[in-house]
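There are 2 protein chains.
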Amino acid sequence: MLAEIITIGDEILIGQIVDTNSAWMAEKLNEAGIRIKQISSVSDNREHILAALAEAATRADIILITGGLGPTKDDITKNTLAEYFNVSMVINEAALENVTKIFKKYNRPLLEVNRKQAEVPANCEVILNKNGTAPGMWFNSNGKIYVSMPGVPFEMKYMVEEEVIPKLKEVLKLPVIIHKTILTAGEGESFLAEKIADIEDSLPANIKLAYLPKLGQVRLRLSADGEDEALLKTEVEKYAAQIIERVNYAVVAEEDIPIEKAILNYMAEKGLTLSVAESCTGGYISHLLTQHAGSSAVFLGGVVSYANELKESVLGVNNETLWQHGAVSEQTVKEMVAGALLNFKSDYAIAVTGIAGPDGGTEDKPVGTVWIAVANASKTVIKKFTFGNKRLQNIERSAIGAFFMLNTLLKDGGL
Amino acid sequence: MLAEIITIGDEILIGQIVDTNSAWMAEKLNEAGIRIKQISSVSDNREHILAALAEAATRADIILITGGLGPTKDDITKNTLAEYFNVSMVINEAALENVTKIFKKYNRPLLEVNRKQAEVPANCEVILNKNGTAPGMWFNSNGKIYVSMPGVPFEMKYMVEEEVIPKLKEVLKLPVIIHKTILTAGEGESFLAEKIADIEDSLPANIKLAYLPKLGQVRLRLSADGEDEALLKTEVEKYAAQIIERVNYAVVAEEDIPIEKAILNYMAEKGLTLSVAESCTGGYISHLLTQHAGSSAVFLGGVVSYANELKESVLGVNNETLWQHGAVSEQTVKEMVAGALLNFKSDYAIAVTGIAGPDGGTEDKPVGTVWIAVANASKTVIKKFTFGNKRLQNIERSAIGAFFMLNTLLKDGGL
Numbered sequence: 001m002l003a004e005i006i007t008i009g010d011e012i013l014i015g016q017i018v019d020t021n022s023a024w025m026a027e028k029l030n031e032a033g034i035r036i037k038q039i040s041s042v043s044d045n046r047e048h049i050l051a052a053l054a055e056a057a058t059r060a061d062i063i064l065i066t067g068g069l070g071p072t073k074d075d076i077t078k079n080t081l082a083e084y085f086n087v088s089m090v091i092n093e094a095a096l097e098n099v100t101k102i103f104k105k106y107n108r109p110l111l112e113v114n115r116k117q118a119e120v121p122a123n124c125e126v127i128l129n130k131n132g133t134a135p136g137m138w139f140n141s142n143g144k145i146y147v148s149m150p151g152v153p154f155e156m157k158y159m160v161e162e163e164v165i166p167k168l169k170e171v172l173k174l175p176v177i178i179h180k181t182i183l184t185a186g187e188g189e190s191f192l193a194e195k196i197a198d199i200e201d202s203l204p205a206n207i208k209l210a211y212l213p214k215l216g217q218v219r220l221r222l223s224a225d226g227e228d229e230a231l232l233k234t235e236v237e238k239y240a241a242q243i244i245e246r247v248n249y250a251v252v253a254e255e256d257i258p259i260e261k262a263i264l265n266y267m268a269e270k271g272l273t274l275s276v277a278e279s280c281t282g283g284y285i286s287h288l289l290t291q292h293a294g295s296s297a298v299f300l301g302g303v304v305s306y307a308n309e310l311k312e313s314v315l316g317v318n319n320e321t322l323w324q325h326g327a328v329s330e331q332t333v334k335e336m337v338a339g340a341l342l343n344f345k346s347d348y349a350i351a352v353t354g355i356a357g358p359d360g361g362t363e364d365k366p367v368g369t370v371w372i373a374v375a376n377a378s379k380t381v382i383k384k385f386t387f388g389n390k391r392l393q394n395i396e397r398s399a400i401g402a403f404f405m406l407n408t409l410l411k412d413g414g415l
Numbered sequence: 001m002l003a004e005i006i007t008i009g010d011e012i013l014i015g016q017i018v019d020t021n022s023a024w025m026a027e028k029l030n031e032a033g034i035r036i037k038q039i040s041s042v043s044d045n046r047e048h049i050l051a052a053l054a055e056a057a058t059r060a061d062i063i064l065i066t067g068g069l070g071p072t073k074d075d076i077t078k079n080t081l082a083e084y085f086n087v088s089m090v091i092n093e094a095a096l097e098n099v100t101k102i103f104k105k106y107n108r109p110l111l112e113v114n115r116k117q118a119e120v121p122a123n124c125e126v127i128l129n130k131n132g133t134a135p136g137m138w139f140n141s142n143g144k145i146y147v148s149m150p151g152v153p154f155e156m157k158y159m160v161e162e163e164v165i166p167k168l169k170e171v172l173k174l175p176v177i178i179h180k181t182i183l184t185a186g187e188g189e190s191f192l193a194e195k196i197a198d199i200e201d202s203l204p205a206n207i208k209l210a211y212l213p214k215l216g217q218v219r220l221r222l223s224a225d226g227e228d229e230a231l232l233k234t235e236v237e238k239y240a241a242q243i244i245e246r247v248n249y250a251v252v253a254e255e256d257i258p259i260e261k262a263i264l265n266y267m268a269e270k271g272l273t274l275s276v277a278e279s280c281t282g283g284y285i286s287h288l289l290t291q292h293a294g295s296s297a298v299f300l301g302g303v304v305s306y307a308n309e310l311k312e313s314v315l316g317v318n319n320e321t322l323w324q325h326g327a328v329s330e331q332t333v334k335e336m337v338a339g340a341l342l343n344f345k346s347d348y349a350i351a352v353t354g355i356a357g358p359d360g361g362t363e364d365k366p367v368g369t370v371w372i373a374v375a376n377a378s379k380t381v382i383k384k385f386t387f388g389n390k391r392l393q394n395i396e397r398s399a400i401g402a403f404f405m406l407n408t409l410l411k412d413g414g415l
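These protein sequence lines map, in sequence, to chains L and F. Everything in the first sequence is counted per our numbering, starting at 1 for the first residue and increasing by one. Everything in the second sequence is counted per our numbering, starting at 1 for the first residue and increasing by one.
Careful, some of the hints might be misleading.
Where chains are identical, the list cannot tell them apart; a pair therefore holds if satisfied intra-copy or between any two copies.
With a straight-line cut-off of 30 Å between C-alpha atoms, the simulated BS3-like cross-links for lysine-lysine are [claimed, not checked]:
id, residue 1, residue 2
1, K157, K214
2, K383, K334
3, K384, K365
4, K73, K208
5, K365, K105
6, K233, K379
7, K37, K167
8, K116, K157
9, K157, K390
10, K105, K214
11, K73, K195
By construction, these hints were calculated from the structure, which means they are not laboratory data.
Please put together the full structure from these sequences, using the hints given.
Now the structure itself:
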């Protein structure tokens, strides 16, 4: 079963927002056994939307549309859908009730533009929007399914999870697609490819291997499609086991999770705690950890010691160390990680200090110089990295570097 | 001048990665006066890539292609381009030299798959890749320009900024497009639309107004196209000034910057400093601030006091307060913000404590309950928010709420 996603809105085409909706929808649909043939972003323009709908219908069975359902004048999706299906617009009573209820709840006056949100093409089935005023719409036309949803992520997500996917499962007989992802770090894509070339060559036609590189990590993804879920899983696991055995030293996780989540899972299982002392990463490591539910079982917290004063007052870094060696130095990062272990009373700690840039570099310590330390009570590992001159990339690479070092220390611990 | 972006790779279509490249490219091209007609993501599949190229060529003058240039077997973009243009593959000496140099620099053996990266379709002009091994490629064919680039963001970005856009400017006579964005917070999209309906109605045909809502904020974007840049700027500024005057109380910034950047700019100008005490936001507020170059002039740092022990030891929150009222309470957030001001010696401080979820809620304090405090030496403002049950959204909304409160306090300060 093939689907296409069409996102409508000039904001994507001028680059003011990143289209995160499509990736999210694609993931959910894949889990349900629906392959995405194409994702297209088109403008709030009548002819362009009509053309995109017609093109998608030649390639796919299901067309999911997001965006352009707001109350304002630049939102024309609904009227264009009515034109595409050659039907009139009608007020939907359930949708009107929903809009009225929401405005009552927030004590806001119901404006005419809001009332218009309850108008839908006559041939649609309304999907109620529990999180907003714009109704979703489900169309059956010429053997194809069209679903139009708001572009606001949490409104769309609720509809997809609670309404659209259950309904698609109900009305369609879906094939099975299985993915298995292995997260590696510390080795490049081509090196890994060479290492496992014979395994890749031995894959049957219905199993594909993809390499997904990202900032010092490579995810290896096996994808299989077929009819028999149990058989596909067994097949995929067999090849995954061969790959894992071959590149074992680089494997961080045997499932599709980020590196920090793999660490949280491992530490939670062992009952270990973690704290951090962040300078140049400025809270990013803490944020990566705390975005995951349940992180509080492992992560106690830490300090963002952007100013030197906080390195001294909160972490106990010696004023002399800072003066003699500077904030970006082996000595400082060593005292930072020791200070985090001591003051925050965690089993493990991470400390990072560096020059993220674009300013602040010197000849001795150019932009991109980063010192990272990981430690437990008995062992401290310190490394110097020399990244590039892009601030955000330096922050991200520092975080990934710190997690990879911590992962190695955890596994080295002989636990 | 119209362009299309085609991203190639199954990883986008199965939702494993979010396509951030396209938004970035769209923004850069728009700044250069090139409109993006459509963005399409297609799979690593020969027929599909060929069809996408042919379709794009019917709509646009410039076709930018990213992805599928890696050394591994799932990367087929280059060979498919050769097929599309009906040419053979040839080794490019400059590209080979670049690959060889990179492998020498990192002391890695040059494998046959890497050598293959220097092979390109015979009709292309090579764009050297300063940050990686896969060369970019520029094609002129039937009056259209095609550019193929790697999907790795920092490799692609360098090529676009340093090679592709300068070359496009050189060979094409480009129209002018002007954007002006006003960032508002605290009011909904439809409310703002009603407030400025008459201004919107008075816009000339070449100026469009778009509403871009996101988590408690709405960006109002005016876009104008034409020939005379100075005239367009004057026109757009005239309408922007009318809108700003009308909804003044909700305006956070008069340019397209995030709310935290508007705050950093304002505080830097006034010589003010900021620290934070984050519980449920877990470092996200610090990260938002520190992702901006120059933030260290304002932001001293802070604590991620995920565990109660850190609220006590680093911020000086009373053990009794935590016991009596709980970590998520008005009293605790008040002591947190006072502790941040005192211990981190900043002019302003933000404190946040709440239940991000999905677990940890109680009947009294359901998931989504968040207390936020902002303070300076003479004034403390505290608010309770009740968000939803989605963890990441609660973290993001808390951060935006905190910045909006701080923005109001800063402006209230009569400065």
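Against the earlier hints, flag every one the structure doesn't satisfy and list their numbers going up. 6
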